[in-house]
Every structure is written in C-alpha cells, then in structure tokens.
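Engineer: Take a look at the letters that make up each chain.
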Amino acid sequence: MKEHITVCPRNCYSTCTFRVFTEEGRVKRILPYEGNLATPEGPCIKGLAYLEREYSPDRIIYPLKRQADGSFVRIGVNEALSIIAERLTTARERRGPHSVLFYKGSGYSGLSNDIAGSFWKLFGGATTTYGNLCWPAGLEAVRLTLGEVKHNLPWDIANATLIILWGKNSAETNVQEMIHIEKARQKGARVVVIDPRRTLTADKADLLIRPRPGTDAALALAMARVIIDRGLADTEFINRHVNGFDEFASSLEMTPDKAQEITGIPASEIIKLAVMAAGAERLTVIAGYGLQRYTNGGQTIRSILSIPVITGMIGKSGCGFTFANLQSYILDDVKEPLSYYPDPVSDKPFRRAISMATFGPDFFALKEPAIEVAWIERGNPVVQLPGSSEVRKALDSVLFKVVVEQFMTDTAALADIILPAKGIFEQADVVGSYWNPYAQYKPRVADPPGEVLPESEIYWRLAQIIGLDGRAAGIPAPEDYDAWLTERISHTPGFVREELMQKPVIPDQNEHPAYGNMKFETPSGRIELRSDWAVNLWGVNPLPTYEPLKDFGEEHLPLRLMTPNIASRIHSQFGNLQVIRSVVEEPAWEISVADARSRGLRSGDMIRVFNSRGEVRGKISVSARVRSGSLVFPNGIWLGEGGGVNRLIVPSETDMGHGAAFHNTRVDIEKLVP
Amino acid sequence: MRKGFIFDAALCVSCKACSAACILENGLLPGTRSLFAWNGHALPLVNVINLSMACNHCADPACASGCPALAYTIGPDGIVIHHPDRCMGCGYCTWRCPYDAPKINSATGIIEKCHFCADRTTEGVGPACVTACPTGALKMTETEDFDGMLPAWFPDTGIKPSFIIRNSETESKPHTVPSDNETHESEDEELYPGRLASEDAVRLKKDWSLVLFSVLVIAAAVMLVISGLSGRPALAGSGFSGMLPLLLTACAMAVSVAHLGRPGRSYRAVLNVIRSPLSREIAMVMLLGAVSLVSWLKPGMIPLAVTAAIAVLTVIAVDLVYFAADRRFSLRLHTGQAFFTALYAVTWFTEPRILFIIFSMLVAVLVVMRYGSADRGEPQRTLYYIRAMSIPLVFLLIYPGNPLTDLFATVLFFAGLVADRLLFYLDFNPPNIKETIKEHFNTEYEKERDKKREDSGLS
Chain A
517 MKEHITVCPR NCYSTCTFRV FTEEGRVKRI LPYEGNLATP EGPCIKGLAY LEREYSPDRI
577 IYPLKRQADG SFVRIGVNEA LSIIAERLTT ARERRGPHSV LFYKGSGYSG LSNDIAGSFW
637 KLFGGATTTY GNLCWPAGLE AVRLTLGEVK HNLPWDIANA TLIILWGKNS AETNVQEMIH
697 IEKARQKGAR VVVIDPRRTL TADKADLLIR PRPGTDAALA LAMARVIIDR GLADTEFINR
757 HVNGFDEFAS SLEMTPDKAQ EITGIPASEI IKLAVMAAGA ERLTVIAGYG LQRYTNGGQT
817 IRSILSIPVI TGMIGKSGCG FTFANLQSYI LDDVKEPLSY YPDPVSDKPF RRAISMATFG
877 PDFFALKEPA IEVAWIERGN PVVQLPGSSE VRKALDSVLF KVVVEQFMTD TAALADIILP
937 AKGIFEQADV VGSYWNPYAQ YKPRVADPPG EVLPESEIYW RLAQIIGLDG RAAGIPAPED
997 YDAWLTERIS HTPGFVREEL MQKPVIPDQN EHPAYGNMKF ETPSGRIELR SDWAVNLWGV
1057 NPLPTYEPLK DFGEEHLPLR LMTPNIASRI HSQFGNLQVI RSVVEEPAWE ISVADARSRG
1117 LRSGDMIRVF NSRGEVRGKI SVSARVRSGS LVFPNGIWLG EGGGVNRLIV PSETDMGHGA
1177 AFHNTRVDIE KLVP
Chain B
35 MRKGFIFDAA LCVSCKACSA ACILENGLLP GTRSLFAWNG HALPLVNVIN LSMACNHCAD
95 PACASGCPAL AYTIGPDGIV IHHPDRCMGC GYCTWRCPYD APKINSATGI IEKCHFCADR
155 TTEGVGPACV TACPTGALKM TETEDFDGML PAWFPDTGIK PSFIIRNSET ESKPHTVPSD
215 NETHESEDEE LYPGRLASED AVRLKKDWSL VLFSVLVIAA AVMLVISGLS GRPALAGSGF
275 SGMLPLLLTA CAMAVSVAHL GRPGRSYRAV LNVIRSPLSR EIAMVMLLGA VSLVSWLKPG
335 MIPLAVTAAI AVLTVIAVDL VYFAADRRFS LRLHTGQAFF TALYAVTWFT EPRILFIIFS
395 MLVAVLVVMR YGSADRGEPQ RTLYYIRAMS IPLVFLLIYP GNPLTDLFAT VLFFAGLVAD
455 RLLFYLDFNP PNIKETIKEH FNTEYEKERD KKREDSGLS
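Keeping their order, the protein sequence lines are chains A and B.
Residue numbers in the first sequence follow the numbering used here, run continuously in steps of one, and reach 1190 at the last position.
Residue numbers in the second sequence follow the numbering used here, run continuously in steps of one, and reach 493 at the last position.
This is chain B alone, in the form it adopts within the complex (with noise of 0.2 Å):
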C-alpha cells in the first residue's frame, strides 16, 4: 500500500493552515507545503482554483532517480524520504522534481522536503498539514493504485504522484449580480489571473558558476578533441598547452564543488552513477581530468582515438544532466548545448573549412528559430545581439591570414559561444507544475475572454 495526500478543491477556502502546520512541526522552510491560488483577485469569467501541495511521493520519484549523492530512500508505503546526513546541496532534485517539492535551504545549504511526517506516521497521527487542515480539505490515504486520480489540467509528469484531487471542476463558478459593474477581461498584467514567474536574471545570478563549470569542461574536451583529430596538442607546442585541458578541467572540479551547499561532501556526487545524469556527468568529467593528466605527463600513451571518445561522451554526460530535467524538444535543438558547442568549437580549429560554414548557417537558422519563439527579458535581448554578431563572421574568413580580421574574428566567434551556453541556461526550464497550471489556465481564461469580446461584438 501506498501513502499519499488527498486534496478536495471544494472544501479548500485558501487558508493555509497546512503551510503554517508544515512550519510549526518540521521547521522547514516556508512553501514546503504551499497553496496555489490561480485566479487570486477572482476575475469574473474564470473560476479561482485552489490546490495545496508539498511532495507528492511519487511511486517514480524523479528526485531520488536523479540523486547523485543517494539521498533519498523510498519507504515500504512509498514515501519518499530525504537523508539531510547524506545531501551535498547541489540542488539537482530542485530541477528535477516537477512539483518543486525539494526547496534548498541557503541557511544549511542542503535540502529540504516533505517527508510525510515520518516521526507521528509511525506513531500512528497523520501528517500535520492533514490533521491542521479545518474543513477536511486535505486528507491522507492508502491505496494500491493513484492512476487517474486527477483532474485532466494536472499535467501528467510520468513519475506517478501519489496525490489525489477531487471536486476540482474548474467551470463552476458563481453567477454574479450585477455582472456589469466590474471588469470582464484585463490586459494588465497585475490582474492577470495567473501571472507566470520570470526569474531568469535570478537564476543566471545564482548559477552562474555552473555556467563556467561547463564552458570550462567544453573547453578541455575541445582541446581533447582536436589533438585527437590532428594528433598533437591544439595548442601548438609548448608544456603549458598540453597541461592545459588538465587545468581547465581541475578548476571545473573546484567550481563545481564550490557550488555545493556541503562541498565536505562532495565525495558523493558519484555515488548514483547507474541512475543519475549529475553522477554519470561528474565521473566523466574527472575521468577526462584523469585521461588530461596521463596525456600531459606521457604523451601518446592513450591512443588519441580514445581520448577524444572519452572528451565526445563528457560533453554528452553534460548535456544529459539538462536534457533529463528539462525534457522539451527545444532544448535539444538548442545550439547552445554543450555537444553542438564542442563541436561547432571544433570545426573553428580544423579543416576543411566548409565544415565551419555548414555549422554557421546551421546555428544562423536555429538561432533565428529560437529568437522568434523566446520571451526576451532584459538578460536574453543583450545575449542574442552577441550571439547573433558572430554569425556573419564566416564572411571575415574571406581574407584569412590577416592577424586583425582573424582576432576579431576569434574573439567574436568564442563570445558568441559563451552567449549561447548563457542562452542555454536561460532557455533551460525545468518543468515547474505550477506554471504549466496557469498556463492552462490562462489558456482558458483567454478563451472565455474572446468569446465574451465577440459576443458584445456581434450586439
């Protein structure tokens, strides 16, 4: 038998005893439990939706799956337990949980989760936010089988949350007199029924050093790569070059341990190499920091062949840490991933140059693709002007040899990658349940509102 929560839309009146009851007996972090309120300030034409939420216990939890440090544990009635003796903080089930149900918590820098009041489970009292909820609204169950317990706007995840909602029917709402006195539709963006959050410039400010973690490890495999294809160090000559991918790829090391709420232990990333992107990705990164060093103190004794491999799988193991939180069909065409990064790095340094051509109007295309569909904060706008400046820069190769069209035109070209990796980051969305609700929502309402416009228009 499974645990899991019940919610009752109908019964729910928004109050958040749940929230405050979460606080006052786990001291977790506000939001752990959190009400959803769509529709807040009750815009007539659409119905105000309720829904409390914390961890859903998934009977395929997306967080444990992805864990590299093994923090989590599922119990026998398949709740979903985080080990805060055992978390690094590196924050990847906050990415990978849909439901943001794992918060990390700056103060300790390690995570935090609803773990279904385990202390008074086993004493036999229910979890806090149900026994606190005053109208019954929220209550607990036990059951085989949580399949289609859901109302068809709770987007299914496929990791099989063990949540039941009931009573949600969005369209009652009530008839209101008179209905002519207030607004029917609004295009302000404050009464906008559920505004979608944008914390783009906040994300790119907290992980940025991630951002450098990656264009430091693209870096050592290009340089892999290109002496694997050339069959000498890229950069010609001296000890220090062929020492460098075995620099860039210590300091992404030390950035990336750095980043940890616990860097004491982050001998645990690669604990989950059978089932987590982030372990795999870290086992290959210091596998290529391993393969840098032997290739830096005995050159040659690795076939070049093999090295590149390794370099080639690295920057995949990196890309898959993105593609298996966010798993939308945009981010894999996006060029700013670090595959298509390495490899468009590549064709810079090696011949034939058409190669370098065809990626250029490759990324041309994609880029224009992406820059019609993208929102266009203030972040993205000055990051697709230097992305989009590198492009016609195939046309400086008219004349190469010449030192200032080639330095500009190598300072260009790598400005223009590194935009794209900012690109990537931004355009990088971990699903987040709420906001695909609200956008269902708004999806709706913006129905109900054009319908209500071509009424008053036909009369």
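Excised from the complex, chain A in its bound form (with noise of 0.2 Å):
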C-alpha cells in the first residue's frame, strides 16, 4: 500500500492530518500523522468514515437528471453540461446574470473554491450570499478589539493554569483540543466549563456554570466589574496596551446581584469566578461559536474578552483568548472575517448579493431580476439555513436548478440537474483551518469514481461550451490544474513550497503567542475596548454590552430552543453513513428534568414542537444534561431522519458580521398522543 499525508477539509476545527494507505486507486486505511502536534491521534469519527463515505453505494457518481415524474435518471456529462449551458445563458439573455443564483455552503474547504468565482464572474456575475452561518458575529468582535482574529498554538492550552471553556463543547466539536485540556489539567491546572448544558467536556472540568442562553455578556461584565472593583485588574498592563478602559470601568453597570437576576447564577458564584479568573497565573479562555449566534453574538464576545483584557491575560503562553486562528489561511486573497460582508466596490458589477442568515425573506424581495436558475454546491440549505421552510419553498420556486453533491440531501432532492461531486481524496488542494496552525496539502490519492468531475473541471467545461475563455479568466484545464495549484502557492511567502506539498507546515508569520510583539491592527494600534468601528460598521454601543435578546414577538413561547452540533456530523455531512448510524443512538429532543415534569413528558413520548415558522415532530429525551428553559435538538439531521429543525428558527442576522442569530429561536412543545 502506498501512503500519503492528507488533511481532511470539512468545515471544522480541528482540519486534522492523517495518513491514508491506498491501493490501485483506492483509500483502505487511515491512520494518525503524529507530526501535526495540534492533532497527533486519531481523527474523529467523521474521519475514519471516510472509508465508507467515499466508496459508499448510496454515493452520486453520475449525473443525475430529474424526470417528469420526480424521479431521477442517469445521464452523460456532456448532455448534463450542455442542459445546464443552455439555461444559464438564456436566463442570462432573458434578465441578465443576476437571475442566476450561486449559493456555496462551507461543505469542502480548498483554494480550489476559488475557481467557482472566477467562473461565475466571467460569466458576468450572479446573485450571491453574504454573511456566514457560523461565526462571524465572534470574529468580527475579536477584530474589533484586537484587530486580527489568531490565537496561540493549540498545544499551548497546556500551559495554562486555569483553562475557562465559554459555551465551547471542545469533546464533540474539536475533540483533539481535549488532549491538550487534560495535559493542562495533569500539571494541575483547573478547567472551568460556562455552558447552559452540562456537555461532554462539562463532564470533565472541575466547575460547571451554567446560565441561562444567551445571557453570557451580562456573566462577563459582572465579572469584569467584580475584578476592577477589586483592584485585581492589571494596571500596567491595561495603561500600556489597552484604549478604552475608564469609559468600560465608568460604564459596568452589571453588578453580580444584577447578572444574577439575567443569568440565574448567583452573585456569589459570579464573584468566586471572577477572583478565580483574576487570580490565576495564566489564564486561557476558550469561546464557543453557539453563544455568538444571538441577536447579542458580537457583544457578548467583546464582553466575554474583556475578562482576558484587563486581567493582561493577551500575548504569553499559557494565555490568550481562544476563538478563531486565522494564521493559517495565508493563501487567501481576502482575509475573514471581511470575506463575509457585502462588498459594494469591488464586487458591485457582478454581484448582487442576499444575506445568507436571513435568505428566504431576502429571496422573496428580490427585485428584478428574479432568480431563474439556481447553482448549488457545497451545502444543503433546505436543512441548514435559518428558517428552511422557506428556504425550500424560494428554492422551489427557481425553475432550474444545479446541485453539485456526493448524496441526495434534501437539497439534492430539489434539483433538476445533479452533478456529482468530487471526493476528499480525488483532487489536490491546501487547505486552511482555523484552529490548526498548519497550512496543509492535500493530495490527489484516489481516482474519482464513476463520472465524477471535480468542481474545477466542471466549470472549465462549462465556459468551452458557453464559448468563454476560462483559462484567461484563471480557470485551468483539467491538465493544468496541479500547475495552477503550484502556481497558487509559489509566491506566497512563510513557507518552502515544496515541503508543505509533502506535510504540514506552521508559516513563518504565525505568531506565537498570538499577539506577542503587542502591536494590534486596530485603528489606535492598541487593544480596543472601546471601538469606534463598532459603532461606525454595526451601530452597537462602542463599549462591550449586555443586550436582551430579541424574542421576534414570541416572548411567550416558554423554552430557548439550542441546536448545537454535535460529535457524529458536521452540520448535515455524515449522518448518512452506515457505520456514524451503527454507533450513534438516534437523535432525540432534550428536555431537562423540571420541563418535563411539569409537562408530563417521559423519555420516548413523541412530541409536536413548534412556533410561528412551523413544527416539528419527534422523540423527547429527559436529560439532566438540559438546563431548564432550553430545548435541545442538533441541527443538521436531514427532513427523511426527523430532522429539519432549522425549519423552526427564526431568519435574522447577528448584531455584527452578518452571522445567523440561530439561538435566539423560541418553541413550545406538545405531547402528541398516540
């Protein structure tokens, strides 16, 4: 068997290198690559089903053509490319490129990518998305406050002494940061975990708090209070590196009796926390992606990184405020988070653009043009965006649509041209991460199966038959594609080209710790607690705030509906597999004890779930691990597994960034009886 170090190129933390041993074209083993020190052991579970994923039965690899009757048939590339042709251009005689929709998701990460814009400028343009499902209210908070969104090496957890996991659930989302957590915690170090839920990492820290959702900013600023009031601060710190500081101090309102009241944990605790956090030597706090997408995402961030700010916690090892490494994407030609936002110069002749938090309303106010042909690749909205039903319903409407996908998702289901899409192992890439400090190669290991075209391909064709010169527009022939990537990678400097093609590789400017030399790309070059730009761009407070979370007129609705992700998928990407569907129990609301006595509900009783955008149906599980108040179900099951539960949450954009205040949703749930 041959070997080769590969990386896997999901949309998660973790980007993990491993080995893969294949033969005659194929991938038969997986296995650790010790030499990336963020992720030396195994990759998850999700990795390992590779070997199923990509050789799946239930995988598309041919074109797939939807028939009058719904049903799909096989047909050739060719004539698939040739239909697909035919009705981009017309639509774009008829109304002009904007009535093409190109929707990307976050499905495969790659420079490779990038060649789905160029195609689809040259093509004259077309209706976009902007914003992130995910983070970028988060980013957009680090960037405010510290200029650049990077953290230290992952394996430098290890040197803190007190490790505060802020609504991060590290065992089920970055399963390797749990390796570095406990190396930590050998050397004695004591791991705080702020969650609503008592999650699997809850499981193994030394303190659990848990508060009410999205009121973690009030958490944060009562505590930050209690250390200014206390003289614990650290001054010198503060006085060199910190703009802001007085206006914060003056302005904390938020007193423990008070955060106590909004977060329901008592003054007390908040104190105890507060003092623990001040008094400890070096102190790292890792933040979530889930407690940012509220309607507060953004404030809560600089609230919650205020606590490494004044304590002076930024720029050592040990220390620092763990949300986003960008270090990594060297190669990309617009850094996140600005990647995210609308661009009104640059993009403007070509891009029509539509929030992808708040898609379906947006869809509908489209003006002239309407969409009329619709291109989708790397996702599955009808499950994954705020407000799916409707979602579905503007998908619907498109009279053609092009899905490029490896299984008939949900949105798969929708389309009236498939094409297959390529594989992890079936075409070479560098791919970024952004908790990974590698930048890393990933090679062509595997022949595609079937009539598989990679992405790359498939829009090369696609402009010969339009009659458009793609290589001018840096779209490379499929010969020349490994040219193109060595090309794409040859003068970007940090690294030697030829050693990250054969492993991993940390480039010269990761800086670490982060932020060391104390200079910040902020407007006054200091750490900015109060930030004008927050005001200017977003028109937020300028100071790190608590703000209610907006309710969308369903204050009444009694529970908080959580969908976080979890350990077996990311979003709606590998629960389809046998072996992920052989280990992981079926998915289940979680109800906490107090809710479900007072409904009379016990485990397995089937309920209706709903609010104002609809309902969905499925199993309760009584868990102690659910705080009263909340519901939880994870997001990304597909419609066809009782999933579909982002049908339920309300479309609206985070305070900054442009992400998708998912959490904010409210539900009320029903038995039904049998």
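Calculated directly from the structure, the hints in this document are not laboratory data.
Careful, some of the hints might be misleading.
[What the hints assert, rightly or not] Pairwise CB distance ranges (calculated):
{"hint": "1", "chain 1": "A", "residue 1": "Gln1018", "chain 2": "B", "residue 2": "Gly182", "range": "42 to 48 Å"}
{"hint": "2", "chain 1": "A", "residue 1": "Gly551", "chain 2": "B", "residue 2": "Asp153", "range": "51 to 57 Å"}
{"hint": "3", "chain 1": "A", "residue 1": "Gln1094", "chain 2": "B", "residue 2": "Lys485", "range": "41 to 47 Å"}
{"hint": "4", "chain 1": "B", "residue 1": "Thr156", "chain 2": "A", "residue 2": "Gly990", "range": "46 to 52 Å"}
{"hint": "5", "chain 1": "A", "residue 1": "Ala988", "chain 2": "B", "residue 2": "Asp153", "range": "50 to 56 Å"}
{"hint": "6", "chain 1": "A", "residue 1": "Gly966", "chain 2": "B", "residue 2": "Thr177", "range": "46 to 52 Å"}
{"hint": "7", "chain 1": "B", "residue 1": "Val159", "chain 2": "A", "residue 2": "Glu1014", "range": "23 to 29 Å"}
{"hint": "8", "chain 1": "A", "residue 1": "Pro1064", "chain 2": "B", "residue 2": "Lys239", "range": "55 to 61 Å"}
{"hint": "9", "chain 1": "A", "residue 1": "Ser1098", "chain 2": "B", "residue 2": "Met35", "range": "56 to 62 Å"}
Here a beta-carbon is modelled for each residue, glycine too, at the ideal position from N, C-alpha and C.
Make the complex out of the two chains shown on their own, each in a separate frame, by following the hints.
Structural biologist: Pasting the structure below:
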C-alpha cells in the first residue's frame, strides 16, 4: 500500500492531518499523523468514516436528471453540462446574469473553491449570498478588539493554569483540544466550563457554570466589574496596551446581583469565578461559536474578551483568548471575516448579494431580475439555513436548479440536474484551518469513481460550452490543474513550497504567542475595549454591553431552542453513513427534568415542537444535561431522519458580522397522543 | 509478553470513534468494541463513567476453555483468536465471557470477536480502534503482568484480563452552579443513571430449544434411572416404551443440532471434552443415547446400575454447563436444575412415598425463598404460579388410586417441573461485567442520594 499525508477539508476546528494508504487508486486505511502537534492522535469518527463515505453505494457518481415524474435518471456528463449551459445562457440573455443564483456552503474547504468565483465573474456575475451561518459575529468582535483574529498554538493550552471553556464543547466539536486540556489538568490546571448544557466537555471540568442561554455577556461584565472593583485588574498591562478602559470601567452597571437576575447564577458564585479568573497565573479563555449565534452575539464575545484583556492575559504563553486562529489562511485573497461582508466596490458589477442568515425573506424581496437558475454547491441550504421551510419554498420557485453533491440530500432532491461532487481524496488542494496552525496540502490520492468531475473541471468545461475563455479568467484546464495549484502557492512567503506539498507546515508568519509583539491592527494600534468601528460598521454600543435577546414577538413561548453541533456530524454531513448510524443513537429532543415533569413528559414520548414558523415532530429524551427553560436538538439532521429543526429558526442576523442568530428561537412543545 | 489495551478514562469523551473504526476495519458487528457510558444523562450527584471495551484477551480466557469446538486459539502474544472456520455457532462462549466480547452474527450463524486486528499487528500497525482514538484514550501495550491495573469498581472475574484502566476516579465530578435548578434525585427509571437491561423474555424466546433439549434429556435419564432402580422399564410392557429413552435422546440431539448456527459442523461439539463442560454434556448425552439403544435392543445386557449411573452423570453434565457460566451460589440451590428435577421426578415414580413428600417440602421452601428475592417480570410471574400450584399436590395423594386425582396430580406435577426448568433459564444469568458495574455505581448513586435526602431533611 502507498502512504500519503492528507488533511480533512471539512468546516471543523480540528482540520486533522492523517495518513492514508492506497491500493489501486483506492483508500484502504487511515492512520494518525503524529507530526501535527495539534492533532497527533486519530481523526474523529467522521474522518474515519471517509473509508465508507467515499465508496458508499449511496454516493452519487453520475450526473442525474430529474424526470417529469420527479425521479432521477442517469445522463452523460456532456448532456448534463449542455443542458446547464443552455439554461444559464438563456437566463443571462433574457434577464441578465443576476437571474442566476450561486449558492455555496461550507461543506468543502480548499483553494480550488476560488475557481467557482472565477467562473461566475467570467459568466458576467450572479446573485450570491453574503455573511456566514457560523461564526462572523465573534470574528468581528475579536477583530474590533484585537485587530486580527488569532490565538496561540493549540497545544499551548497545556501551559495554562486556568482554562475557561466558555460555551465551547470541545469534546464534540474539536475533540483533539481535549488532549491539550487534559495535559494542562495533569499539570494542575483548573478547568471551568460555562455552558447552559452539561456537555460531554463539562463532564471533564472542575466547575460547570450554567447561565441562561444568551446571557453570557451579563455574566462576563459582572465578572469584569468585580475584577475592577476589587483592584484585581492588570493596570500596567491596561495602561500600556488597552484603549477605552476607563470608559469601560465606568460603564459597568452590571453588578453580580443584577447578573444573578439575568443569568440565574448566584452573585456569590459570579464573584468567586471573577476572583479565580483574576488570580490565575495563566488564564486561557476559549469561547465557542454557539454563544455568538444570538442577536447579541458580537457584544457577548466583546464582553467575554474583556476578561483576559483587563487581567493582562494577552500575548503570553498559556494565556489568551481562543476563538479562531486565521493564521494558516495565508493564501486567501480576502481575509476573513471581511470576505463575508457585501463589498460595495469591487463586487458591484458582478454581484448582487442577499444575506445567508435571512435567505428566505431576502430571496422573496428580490426585485428584478427574479432568480431563474440556481447553482448550489458544498451546501445543503434546505436543511441548514435558518427558516428552512421558506428557503425550500424559495428554491422550489426557481425554474432550474443545479446541485453539486455527493449524496441525495434534501437539497439535492430538489435539483433538476445533480452533478456528482468530488471526494476528498480525488483532487489536490491546500486547506487552511481556524484552529490548527498548519497550512496543509491535500494530495490527489484516489481516482474519482464513475463520472465524477472536480468542480474545477466542471467549470472549465462549462466555460468551453458557453464559449468563454476559461484560461484567461483563471480557470485551469483539467490537465493544468496541478500546475495552477502549484502556481497558487508559489508566491506567498512564509513556507517552502516543496515542504508544504509533503507535510503540514506552520507558516513563518504564524505568531506565537499570538499578539506577542503587542501590535494590534486596530485604528488605535492598541487593544480596543472602546471601538469606533463597532459604532460605525454595526451601530452597536462602542463598549461591550449586555443586550437582552430579541424574541421577535414570541416572548410567550416558554422554551429557548438550542441546536448544537454533535460529534457524529459536521452540520448535515456524515449522518447518512451506515457506520455512523450503527454506533450513534438516534437523535432525540432533549429536555430538562423540571420541564419534563411539569409537562408530564417521559423519555420516548412523541412531541410536537412549534412556533409561528411551523412545527417539527420527534421523540423526547429527559436529561439532566439540559438546563430548564431550554430544549435541545442537534442541527444538520435531514428531513427524512426526523430532522429539519431549522424550519423553526427565525431568520435573523447577529448584531455584527452578518452571522445567523440561530439560537434566539423560542418554541413550545406539546405531547402527541399516540 | 502479552498484548492488551490501556484505557485512560480522563481522555475518553465518548465519541465512539473506536467502535466505528472496528466496524470499518473488520466489518464486525456493531458492539464488538462498544462504549459503555454510565450516568449518560449526567445526574449531578455522581460522575459520568465512560468505558471503551472489546475483548480483553484474558490470560485465562473463559471463551476458549469453554468452547466445545476448539474454535479459539491463543497466540504467543496472548491474543485470543476465534477461528470462524472451526465455529459451529453454539454461542456458549457468549455465556462464558463476562465482558460480552464474543457476539453471534445471526447472518452467518457464527461468532465474531475482536482479534486485536491480527493482520495489522503482523504489519506493525496497532489495532484500528487504537489508531482511531482522537484523544489517545485507547492505547495498546505489551507487558508480562496485567495484575492490579484495574480500578476497584471493575469486578475481578478471575480470568486475568489483559486490560488496564487509568484515571477512573469516580468522585471527580464537576461542581455545578447553580446546583438547585436541576433535580438531584430521580425515582424515574428513565433517568436512573444505569438502567439494567432486562432481556428475559427475549432470551427465552431465543433459547427455547435449549429448554426443550434439557427437558428431553432429563426425561430420558429419569426413565433409565427408574428402570435401573426397579429392574424393569419405567413404563410397563410394550416395545414402544422400551424404545422411549432412545427416542427422547435422539430428539434432544436433533433439537440441539438444529439450534446451532452451523448445524453442519455439529460433529465439532465433542472436540473439547477435556476442558469444555458443553463438550462433556454432549458426549454424555451421546453415551446416554447409546445405552438407551442397547437397552432397547438387548434389554439386560448392560447392568442396570451402570445405566442408572450414566443417566445420573448425564443430568449432572447438563447442570455443569450452566454452573460453569453462571457461578452464583443461588443457581446451585435452584430447584429447576437438571439433577434436582430428575431426582424429584424419580421420587414421583418410586417408593417409599415419604421421599417424594420430603422433596416436595424442600421444593416448597426453596421456591418460596427464590420468589422473595427474584425480580418478577411477566414470564416469571406466570411460571411461578404454575410452579406454586404444583407444590401442594401432595395433598392429592391422600387418596391414591383415584384415577381423576391421579391424572390431575400427574399433569400438575410435570407442569410444575417444566415451569421450574423454564424459571431456571430465566434465573440463569451468565455474568456481564457491564451489568455488574452498573449495579455497583447504582448502589453508589443511591448512597449519595440518600445522604442528600438526609441532609435536606435535617436542614
């Protein structure tokens, strides 16, 4: 068997490096790659499942065309591309290029994705989405405060003496982080988890603080106030590096008593926690993404970030604020989070954009031209976008839809033409990560099955059929793809190209400890607790504040709906695989003991979950892992599996960054009588 | 040097990558490596316990020693290998193994078990579950001695598992704030930290043929013993009744062969008479069949005492199959065991009557004692009623010779014996360490809960 080093290109913190062994163009075995210090052990259950995923009998490996009766029939690649080209050019001629919707999800990461952008520019433009479903409120909050979004090397957590995992469930979403946390614990560090849920991560903690969902900013600001009032702030650090501290300090009306009212955490415990954080020799605060998917998400992250700032825990080993580390994205043209914002200048002639978070309403509010052709790749919007019933309706209204997919997802099922998507082993690429500090080369190690074409080739051939000069626009011919990729990584300093093509490398520009040089790319060049950008760009308070959640007229509904990610899936990917299904329990709606008792519910009862957007039915599971007042169901589960929880989500943006405020949603439940 | 697994509980986050890797690598049944999580719903009084376990490749493997077909071998590195081509699918190893490692695959009819990824090991690559573990919680090791490497809560099974568990201190649970908004206790079964599986009815449905087998064997043995004691066939007269023990034994053998996953390999059942109680049982039943045949063809050729002795040894062999899998003392007191059932049946047919009456009294005491301590599911309750009804039938014998009461008594007596044999199957519970661990932690949980209640009662 031949051995290769490769990387998982999913939308995941870990971005694991692993070794694959191939025989006759087929991957036979997956083993860990110890050389990546962030992920030195095995990949997660999903990474292992590639052994099934890439060779699943359910994988779509030929172009499919919808017939009049709704079923799909296999067609040739040329026929499929000709039909698509014809529909695209007709739409462009009749109503202009903005009558074509180009939607991409986060299902596959890599430089090759840029080719899609090149094509649609070449085509004359398209309607696209802006914003991002996942993390932009927090990214923007960190950028406003620290200028750039980065953090220490993942294994540096082992040097912390106090780790606060704030809303992060590493055990399920970034499992290798637990290795480094456990190392810190072995050296005597204390681990605090702040989360309404008792997560699998919290099982490993010394202390679990369970605030009401969406109230984290109140907790953080009360802690900041205690730290400042008791003179525990690092005045020297603040004087040298922080802007707006005095204003911040005098704005803090959030007393522990007030925070107790809001968060449900006793004031005495808030004080204890604040004193513990301030007294820690080396404090690392790790914030998750769930807690910023609220209408107050950006302000929440700014509030939490104030704790390591006022205690002087920035720019040192074992310390810091871990939200995302964009330092491995050295090759991206537009750095995140800026790439999520609608760009009024450079994009304008090409691009008309609607918000991802409010896709449904935005779609129906589109003025001329209406969407005639939709192209969807790397995503499953029918399940993953907020308010997904409306999203489905929107897509249903489009006359002709192309979906590039590996499996018959709920979105693919709506398509007129399905083009088979490449597997992860079937095309070379370069993959960055938002946690793993390495830039990683992903070689082509396996042959694509059937008539699978990588997207680069789909676009190349489509351009040819339409009569466009792909080469000039930066779309490589199939035989030139490897040269294109090599060229793409040849001009960026910071690493040796040949080395990158052999194993993961940490680029020279990776700064560790992050912000160690105490230079901050903010307007003032210092850490900004007070931010004018915050006001100018997003219209929020210049200082970190606690903003009560918007409830969109549904205050009367008793339960806050939490839709976390779980270990066995990346959003809507992987849950369809046999191996996952055979070891993971069927998902159920989790409810707290108190809420179950008061409603006479028992585990296994069928319930109806509803709000003004609709209802979803399923089984209930009573669990002490859930805080009273909330209901938990994982996102990403397909409609046919009893999922589609996003039908209940109110489409709304976060306070900054154009993120999606998934978790603002309120619901009620009712027992279904069998 | 022996190979074995090391499990670090502090690093395990219950992600199930190990289980998935096993399925992907070996195509074995889900559960060949399984993740056991106690207190999965995280009741705050006690900690959550994760444990990933497959075969522990014991130094004294109960599966291998008990296998009648010699389907197991032990490698020089201590790895216990099951050979599918030698397995007849009797499932006896699933009873013997306290770790629930061998599983019967209903599609192939034979056993599947962790083989420490034998092919990979020869290549110098660790087992799939080990290389898959994303946190390094599961590792392999080679050492001479695995003694004393398991926590106190992991029961000693006496078969020397090659397994090490680290960092499993059960008291380290997160301090939770606020603590008062969630329940501390639950009488609800659904929330109980470790529910014990109750598969009695399922087991009886699956193993009914084994009950039938033993009933047939006991019947044949009883007839031969009676003829041995009385010097004449148990049922007077005709040729048919002389042939009856042979017929019963033949039926028993047929039932037992049919129950195998691979009936074609049933000849393997007697390959391990030296160590396997099951091999010995089958050998004894075959001997019983031979004796029955000879007794039918040439009555009187074999001394009756010898016939009776073989019959007695056969029912004892039947019992030993069960006693070797479930070592609890309570099972040895069970009135449904083959030896006791046979003996009791013999007293029904023989004089003096006082023996039968003494036995009936003994049965009454033992059955009542058992009833008091047993868990009573649906099949148990019904069987107990039948069993109990047959106990006072001594009173029906006050007027022997009345055809009506005699018939009624006979039917009732034998129904009681069969019910008791069925109850023996339900009470027979080969040890499953996961259940034992659950019980242990449930007791700990109850202690904590009662303490909490007491505290709140005082305040």
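Engineer: If a hint holds in the structure, say so; if it does not, say that too.
Structural biologist: Verification of the hints:
1. Checked against the hint of 42 to 48 Å, the pair Gln1018 (chain A) and Gly182 (chain B) passes, with Cβ atoms roughly 45 Å apart.
2. For Gly551 (chain A) paired with Asp153 (chain B), a C-beta distance near 25 Å fails the hint of 51 to 57 Å.
3. Hint check: Gln1094 (chain A) to Lys485 (chain B), Cβ distance near 46 Å, so the stated range 41 to 47 Å holds.
4. A C-beta distance of roughly 50 Å is found between Thr156 (chain B) and Gly990 (chain A), which places it inside the suggested range of 46 to 52 Å.
5. About 52 Å separates the C-beta atoms of Ala988 (chain A) and Asp153 (chain B), a value consistent with the hinted range of 50 to 56 Å.
6. Taken as a hint, the range 46 to 52 Å holds for the pair Gly966 (chain A) and Thr177 (chain B), whose Cβ atoms sit roughly 49 Å apart.
7. For Val159 (chain B) paired with Glu1014 (chain A), a C-beta distance near 28 Å keeps the hint of 23 to 29 Å intact.
8. At roughly 58 Å, the beta carbons of Pro1064 (chain A) and Lys239 (chain B) sit within the given window of 55 to 61 Å.
9. As the Cβ distance of Ser1098 (chain A) to Met35 (chain B) is approximately 34 Å, the hint placing it in 56 to 62 Å is violated.
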